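Student: Each chain, written out:
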Amino acid sequence: MFKLWITIKKDVRILLRDRIGIALMFLMPIVLVVVVTSIQNSTFQLVNKNKIPAVVFNLDTGKSGGQLIKDIDKIGLFKVLTLKGSNADSLTHYMDKTDAMLGIIIPNNYSQQVLAKAASSADKAMAEFNGSSDSLSTPTPTIDAFSVYYNPVLQQSLRFSIQGAIQSAMQLVESRQTLRTLYYNTNEKEMPEALEKEMLSADTRINMIAASKDGTHNTPNAAQHNVPAWTIFAMFFVIMSLGGSVVREKVSGSFIRLKTLPTNYAVGIISKQLTYLVVTLLQAAVIFSMGIWLFPVIGLPALNIPNDIFGTFVVTVVCGWCAVSYAICVGVFASTHEQSNGFGAISIVILACIGGLMVPSFAMQGLAKTLASFSPMHWCLEAYYNLFLEGAQLKDILNNILSILLITGAFQLLTYVGLKRKNLI
Amino acid sequence: MSDWAVSIENLGFRYPGNDYVSFSGLNLQVAKGERFGLFGPNGAGKTTLMNLMTGVLKADTGSVRLSGKDVNTSDKAANRLFGFVPQDFSFYHELSPAENLEFFGAWAGLNKAQIAQRTDELLNILGLEDVRNKAVDKFSGGMKRRVNLAIGVIHSPEIIFLDEPTVGVDVHTRHAIMDYLQMLNNNGTTLIYTSHQLSEAEDLCKHIAFIDAGKIIAEGDIETVLLQHRHETLEELFINLTGKALRD
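Chains as they are written, first to last, in the numbering used here: chain C, 748 to 1172; chain S, 89 to 336.
Think of the hints as simulated: they come from the structure by calculation, not from any bench.
All values derive from a computational prediction rather than experimental measurement.
None of the hints are false.
Keeping only pairs whose Cα atoms sit at most 35 Å apart, straight-line, the calculated DSBU-like set for lysine-lysine is:
| hint | chain 1 | residue 1 | chain 2 | residue 2 |
| --- | --- | --- | --- | --- |
| 1 | S | K146 | C | K750 |
| 2 | S | K164 | S | K232 |
| 3 | C | K1006 | S | K120 |
| 4 | C | K1167 | S | K146 |
| 5 | C | K1169 | S | K120 |
| 6 | C | K756 | S | K222 |
| 7 | C | K750 | C | K1006 |
| 8 | C | K944 | C | K864 |
| 9 | C | K798 | C | K826 |
| 10 | S | K294 | S | K146 |
| 11 | C | K750 | S | K226 |
| 12 | S | K232 | S | K146 |
| 13 | S | K164 | C | K1167 |
| 14 | C | K750 | S | K222 |
| 15 | C | K821 | C | K944 |
| 16 | S | K226 | C | K1169 |
| 17 | C | K1169 | S | K303 |
| 18 | S | K294 | S | K232 |
| 19 | S | K200 | C | K1167 |
| 20 | C | K756 | S | K164 |
| 21 | C | K1169 | C | K1006 |
| 22 | S | K164 | C | K1006 |
| 23 | C | K750 | S | K157 |
| 24 | S | K232 | C | K1006 |
| 25 | S | K146 | S | K303 |
| 26 | C | K750 | S | K232 |
| 27 | C | K756 | C | K1006 |
| 28 | S | K164 | C | K1169 |
| 29 | S | K303 | C | K1006 |
| 30 | S | K146 | S | K164 |
| 31 | S | K157 | C | K756 |
| 32 | C | K1006 | S | K146 |
Generate coordinates for the entire structure from the input sequences, incorporating the hints supplied.
Tutor: Shown next as structure tokens:
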């Protein structure tokens, strides 16, 4: 134990005197988490809080165009801005000017076409009612297609949702008109407003419930994603200091002397693991603290700490150990400082990409999704997501922790093989 | 108990992936308490032999024993017996001499009290007391050589391997190092020494061996070897044995 303690003291001293290494391990992730969270915050707000800005040109001279605008507005998904204009060029100009994501042109004969279709449908219904058998074969007047312009940044899934929402508003306009015509043809008077409302409004409600494990509803915001994600990235980025430290020790003369002393180099490896594990815990403490206390001050959403603090600590320790094991493994196999730093930095960025730190893994498809399983960062992030967003307890994330431990075990085994092969232990 | 500090029998070694055989069937003995000099031109195999004797490299065939203990056993029993002062500065440049001695002392098997005592002694003897807490990377070459030596002897080993311990130092530092090595030898420590400073070696060594191309080409008591080859100095003998062609 004395040897291990003295070795840890040595590693801590060297680490504290490596100011560039400390800056890389602490300042770089702090800057990254603030910058990336700030940038992503606007995107998260667009999805979670803000309505989608939509510019509408209503060329319709009848009532249906105005009704459609009201119905689109009632959906609650859009912030409708009705402007005067007549063609696609001026619409896209306005979209650009007002930062609108959507542009809709309601054709000038929309009301006429809706009325014609409603009259045709009502006539068919009456004919069916009176026993006429060939009424359905009569062609129904069609309504011209709408052109909906969108900002190319809108993702396909969101575009489908928008299309569905607009179509439901159109359906409502057409159904209302058909119902009115049918009522008039039957009763020869206008349909009472209350009845129309009753017939058209859906009574089946949808209760939206977050599928969290503790029943809480933490809305995913930029902080909830970026703080855990960049904490994991920072942990793995210790490779720049630790991998280099292993290589430096190996290629420097000091290693020759270490090999001649009656102490196994495994003591040196264990010391580095413990020292840098503490570094990763400090990184997590610093970045989480920023998320909790600094983010609200600078106008970013605060990080909501999970209920299971112990579970969060366990995940942080396991992630840190995995990161440290990876760094040492790379350091053992690298022959030069350049190899360790170059491979280390590139591999961390790749693992972060495929692990879902930069693009959430639930948005991945096919091969990318399969590859994500091979990134230790993916399992680390999944464990944090479960804790931060789904209110999971430690028992709920044991599978994630086991996956991280398996990968860590693989790194440790590789390190042992590397040290043995190079006659270092 | 073996009378030999170092006993090499039938040693064979080739660097992995290299067709060139560094040593084949090499035998060498160094008596306890000896001041033994190992000489040869560049590339002769001095440092390789030193690394084989200290267990840094593992022999393909044969054995290397230090005071009767094999250097390549897993329990590292032989490693407690010797100290190694490599040619390169073999310490942590970010640390001070005291911090380096604390770390390497612990790895050599000393306890806290022993480390403290030996650190005070060595820094005092080698003139490093005033800079004991300053980072070594600011030191001159001579000071670094003394730190290198101090670390190699902190655990008071029976045998010390010195690979060019005075290369690149000034006269004062060379004298300080040589005087200290003489003092250690007077107290019974065996010195195994390599250098290109043959005049310095004449002062220090009692027993010598010349190696070239992995073979011992002359060996024995320094006066006897010079007499046998009819030379007055080691430098003349060196040229005579190894020729004048430049070596890489």
